[in-house]
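Participant: Chains as they are written, first to last, in full-length UniProt numbering: chain C, 1 to 267; chain Y, 1 to 98.
Possibly wrong hints are sitting among the right ones.
Claimed, not checked - Distance ranges between label pairs, derived from CB positions:
#1 C:P72 / Y:D22: 44 to 52 Å
#2 Y:E77 / C:R139: 33 to 41 Å
#3 C:R5 / Y:D4: 38 to 46 Å
What the hints assert, rightly or not - Over 10 Å on every C-beta distance to chain C, these chain Y residues come out as not near it, computed from the model:
#4 A3
#5 R9
#6 A14
#7 K79
Stated by the list, open to error - Chain Y stretches covered by chain C per the calculated footprint, using a threshold of three residues with CB under 8 Å from any CB of chain C:
#8 44-51
#9 57-68
Keep in mind the hints are simulated off the structure, nothing from the lab.
Even for Gly, the Cβ is constructed at its ideal location relative to N, Cα and C.
Here's the letter readout for the chains.
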Amino acid sequence: MTLVRVNGVTLHVAELPPVAGDDMEPPTVVLVHGMAGDNLASWYLTMAHPLAASGLRVLMYDLRGHGRSDRPARGYALDDFADDLEGLLDHWGVTGRVHLVGNSFGGTVAFAYALRHPDRVAGVVAIDSAPPMPEWFARMSARLTRAGADPGRVGAGAAFARRLRDVRRLLSETEIVAELPASRLPAPAEFAALTCPVLCLYGRDSRVRELAGRTEQLLPQARSVVLDGAGHSVLIERTAEVRGHLLTWLRDTAPFVTTGSEGERHG
Amino acid sequence: MPADKTVIRADIEAMLRAVLGDFGTDLPIELDSTFRDDLGMESLDVVSLAGRLQSRFGDSVNFAQFVAGLDVSSMAELKVGDLVDFVTRSLDQVPAAS
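Let the hints inform the model, and build the full structure from the sequences given.
Facilitator: Spelled out as structure tokens, the structure:
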């Protein structure tokens, strides 16, 4: 288990190097998981290997308060999460433009970072997520409050008990329920600076999809894809389709990702 | 020479006990023990196990690829014996060092 100290907090990170890549500086993707009950394993066990096999350097981490990362009492505004990502990218020595892929709240963290550093981001993929905007934060706040009473997913056994305990601790021992909704959000005009390609995947039955129109107003370049037979947990419910969309997208936006492209890109 | 399954099984059991920490001290770890229900492993434990397999066997055992081929329900039903078989098969495919 690899722990890294950045931005005053210790974060659990994982990395898969590109398979059979001979690039001195392979394209890099950072995968950001969702809020409360989620962790980097959702990526590691679904997308990380296929992405590494496509020639990408794959980086993952547990958000503060989640998984095996520290759970400080305070520091859960959106800017804190973006600061963590910024610190990690420095730690990892990522100098080229990075691809950011976020699930649910993780997509929001990706957008927050990209809005700050549009010149450092190659593209954003948001899975059943939305950029930082009041409508989305209102929904997340309601969800966090509800999660305190009922953490959702029914399960049994020791693994579920540990996950439940971790969610309860996040909600009861930290200020996240107060701090996250009070996050400073970017003004709509700030979105004009974010010109990189954006892919939004939604579950057909997810209510987050109601925010797609507003997202496309803020980010006119966003391409939206709706996956049938899935709700908010589209990454888990439709893993293979999400994987397919992600790989195709990265090949299109990162010409260096392997599929036997004709080269001559680096000159 | 084919990989020695008994040794691999002992290696994997030691890794599982390390991953499970205090949870795993008195737990029987059998070939038909399931990761989730019998051993109580959560997903991050599986990630941790992957790291240990990588350290122990290097690139000859690609556990990340193994799990990437599973959906959520087959992951939950994964047994210790499945992993022992996978590691044994993987090592058998590696050309012997000369």
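Participant: Now tell me if each hint is right for this structure.
Facilitator: Verification of the hints:
no.: 1; hint: C:P72 / Y:D22: 44 to 52 Å; result: violated, 24 Å
no.: 2; hint: Y:E77 / C:R139: 33 to 41 Å; result: holds, 34 Å
no.: 3; hint: C:R5 / Y:D4: 38 to 46 Å; result: holds, 41 Å
no.: 4; hint: A3; result: holds, 22 Å
no.: 5; hint: R9; result: holds, 23 Å
no.: 6; hint: A14; result: holds, 16 Å
no.: 7; hint: K79; result: holds, 15 Å
no.: 8; hint: 44-51; result: holds (count 7)
no.: 9; hint: 57-68; result: holds (count 5)
Going through the hint list in order, the structure does not satisfy hint 1, though it satisfies all others.
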